[in-house]
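Engineer: What follows is the residue order along each chain.
Number of protein chains: 2
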Amino acid sequence: MSKQIKFELPESAMPKFWYNIAADLPHPPMPPLNPGTAQPISPDDLAPLFPMAVIEQEVSMEREIEIPGPVRDILRQWRPSPLYRARRLEKALGTPAKIYYKNESVSPAGSHKPNTAVAQAFYNAEEGVKRITTETGAGQWGSSLALAGSMFGLDIDVFMVRVSYDQKPYRRAFMETFGAHCTASPSERTETGRAILAQDPDSSGSLGIAISEAVELAAQRDDTKYSLGSVLNHVLLHQTIIGEEAIAQMDMADDYPDVVIACTGGGSNFAGIAFPFLGRKLRGEQDVEVVAVEPSACPSLTKGAYAYDFGDTGHLTPLVKMHTLGSTFVPPGFHSGGLRYHGMAPLVSQVVAEGLARPTSYHQVECFDAGVQFAKAEGIVPAPESTHAIKGAIVEALKCKESGEAKTILFNLSGHGYFDMQAYMDYAAGKLKDYAYPDQEVAMALAGLPVVDEAAIGAGG
Amino acid sequence: MSKQIKFELPESAMPKFWYNIAADLPHPPMPPLNPGTAQPISPDDLAPLFPMAVIEQEVSMEREIEIPGPVRDILRQWRPSPLYRARRLEKALGTPAKIYYKNESVSPAGSHKPNTAVAQAFYNAEEGVKRITTETGAGQWGSSLALAGSMFGLDIDVFMVRVSYDQKPYRRAFMETFGAHCTASPSERTETGRAILAQDPDSSGSLGIAISEAVELAAQRDDTKYSLGSVLNHVLLHQTIIGEEAIAQMDMADDYPDVVIACTGGGSNFAGIAFPFLGRKLRGEQDVEVVAVEPSACPSLTKGAYAYDFGDTGHLTPLVKMHTLGSTFVPPGFHSGGLRYHGMAPLVSQVVAEGLARPTSYHQVECFDAGVQFAKAEGIVPAPESTHAIKGAIVEALKCKESGEAKTILFNLSGHGYFDMQAYMDYAAGKLKDYAYPDQEVAMALAGLPVVDEAAIGAGG
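Line order of the protein sequences matches chains Y and B. Counting from 1, position 30 in the first sequence corresponds to residue 66 in the numbering used here; the numbering is continuous, with no gaps. Counting from 1, position 344 in the second sequence corresponds to residue 380 in the numbering used here; the numbering is continuous, with no gaps.
The following block holds chain Y by itself, in its conformation from the complex:
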């Protein structure tokens, strides 16, 4: 038996196309709506914020969209990312299951986020944009866009949630090393920021506020656009290179997953690995089970409503159809910043609603237990977000131990935890809490939203 651990594709085999699941879904995606009229928005409505190439991808129904050469030339710096067989973890668990993981932590920013940051920076540069504004919470997304901006000569202007700005100076230093500009949000630089500071000079900020500040600045200047690191269709599209590579690598391993598992916050790393496999299932080529793992403290897929809601707290965005805990829901302070979003990517929501993926949730302490077990076996300290996927994979593997089934499990290791050691210290010190989600929150948060005639819109979609 071969003991091979890494299945690596040469650069020459890097995928040349992203995969757009909208082409294969049983129903067309529900369009985003203007909150004033409750009618679909047009691509032109998005033009002040996004380059046209990205807007076209947002609404495209083409199955394959070509990855531009200059984007591939940068992605090849770390892609194709390796697929690992977790032999030592399998042994530690005593499972007959085969466990594989796609290692997205090898990117320069330490997660899957640069896959879309590089593409978005390219399209902006192509259309003459000089500056991109964005928000970041824990810092993964800001770091990725900072990196991408330095590759294309763009100014990157990051609004970092004040509490993270103060608590994570190293993430900030990382962004600044690549030449990005970091501002603590709320700031004096925008009307939104000034209004909030006037009310509460000590505001610790939120992702919702930071989004509003970044959007406000981008809308003001022609040479400036805005960029988002998850949720939107084009972001998910750019991440499908993960799954496209994984399909080829599973083939190298002469294997195919029975189950594909990823964590879900905004949905981009989940979509990245799962959608290409789901595409094969939808086209009748090969069956697969897909599991989305979310934190019990912010369980949009398992406890949220599937409804039209705002994407941000400040209600500046269009209404989108998604699993949501309500745009006013503020998740408690658990350690996976990337999973603290009240909603879910519309395409991921649709996939779950159509029964193509099974959502599940775990508490943070059991996820860290899984993450430390993974680290000791595989040598990689995972990002707190990624421990949710690991937990999901271990649960599947232990089911196999009980049943004797030798399933093939594939999960996405979305990032490493080198910048998250405080979370591991809190875990080791027994300071981490599990948070229960208050069930009545959703109904309260959705009360008062515009009435949407979904049947009429769906027919026009």
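Some hints could be false.
As the list makes no split between identical chains, a pair holds if one copy fits it or if it spans any two.
[Claimed, not checked] With a cut-off of at most 20 Å between alpha-carbon atoms, the simulated EDC-like pairs for lysine to aspartate or glutamate come out as follows:
| # | residue 1 | residue 2 |
| --- | --- | --- |
| 1 | Lys134 | Asp109 |
| 2 | Lys339 | Glu477 |
| 3 | Lys39 | Asp109 |
| 4 | Lys412 | Asp109 |
| 5 | Lys166 | Asp202 |
| 6 | Lys339 | Glu390 |
| 7 | Lys127 | Asp109 |
| 8 | Lys467 | Glu212 |
| 9 | Lys39 | Asp323 |
| 10 | Lys134 | Asp238 |
| 11 | Lys39 | Glu126 |
No wet-lab data here; the hints were simulated from the structure. The model shown is predicted, which means the values in this text are computed figures rather than measured ones.
Fit chain B to the supplied structure of chain Y, relying on the hints for placement.
Structural biologist: Frame of chain Y, contents of chain B only:
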């Protein structure tokens, strides 16, 4: 022209042998001496501290030493490490030179150190050892041994210099995540520690003190040995897998380096990449220029004496022939913890003394300048130690720009800087100082050492 960036070997092509340069050097290495008698020590003298397999490697004159299967099975988790062509850096510099780097930052601990940590843990486990003691400064070595220990079920007992223990809680958390035990040094656990604390309860510690504590504990118990992360012959041997891989990868790139460059602290990453190339030169197969880059603040190769000296501050070690600034020299507080050693590996010293490598030194600010330029071009934030190698490579590339020569330059990227962002913050804030080395130090530090009749010893070597 191919735009290939990464040259990756499959696991099946991972080297099966380490390369021992002692077999090819014009003169045999000078033996370590008993400081009492000034006569060579015997392997048995080292038996309380090291497993016998390691001691045999320490004195071996065999050219090739087989890498055990269980060691290869762990190394394959991240090896062969990729060789990169630094195309974007070349472009940023406008040089006709081709720049390649071997990326050792991909290891789970973020540097080349696990290459020997895994081997040493294996040999100790094979001989029934239950616990390994060691010291660590900034934490790179402790992290690597912690990782290796978790793979072989060994208890790892790390004495971490007090000032780093307090300043780098995240490095400590990393070691503890892998199950290692961390003690701030000086500690109450050893006679050495207690004596120092009795004199100075607030002692911030030093690498010399931490070594003494680790050695003291190891010598007391049969089930406990001691491990060192650089300097010794067997450590350098285990690192030669870097250069062996690089030779095969340069061949994949249809190229061969005119110059090989690495930073030098204890000498292990330098030896790792340079010795296999020097072996080819020594055997008349292919010429190469080798450059060792050290910090101006701790310039053992460029300003030290080549003499018999103690390896530690506490004078517990044998005398070894090396380039040294004197065992009492305490380097100033610059940011490359891994380069703050008063001496140099005896084999590296000999290579320099025999004219096979050219030593050079740079100040830390110019090294950080180079490191940030590298990060912006290549996307990887380098460890402060590695910025020295980058500086050396950029100097060579700019010489080519002036002369028009299209040299091929290869350097070793020994590690990443994810745990060193404080250094980058200090750099960005203009807080980093350049330190001049005081020339009179060496003579003072070497005064009073035992008189060694080198001619007599050399003849018997």
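Engineer: Any hints from earlier that this structure breaks? Give me their numbers in increasing order, please.
Structural biologist: 5, 9, 10
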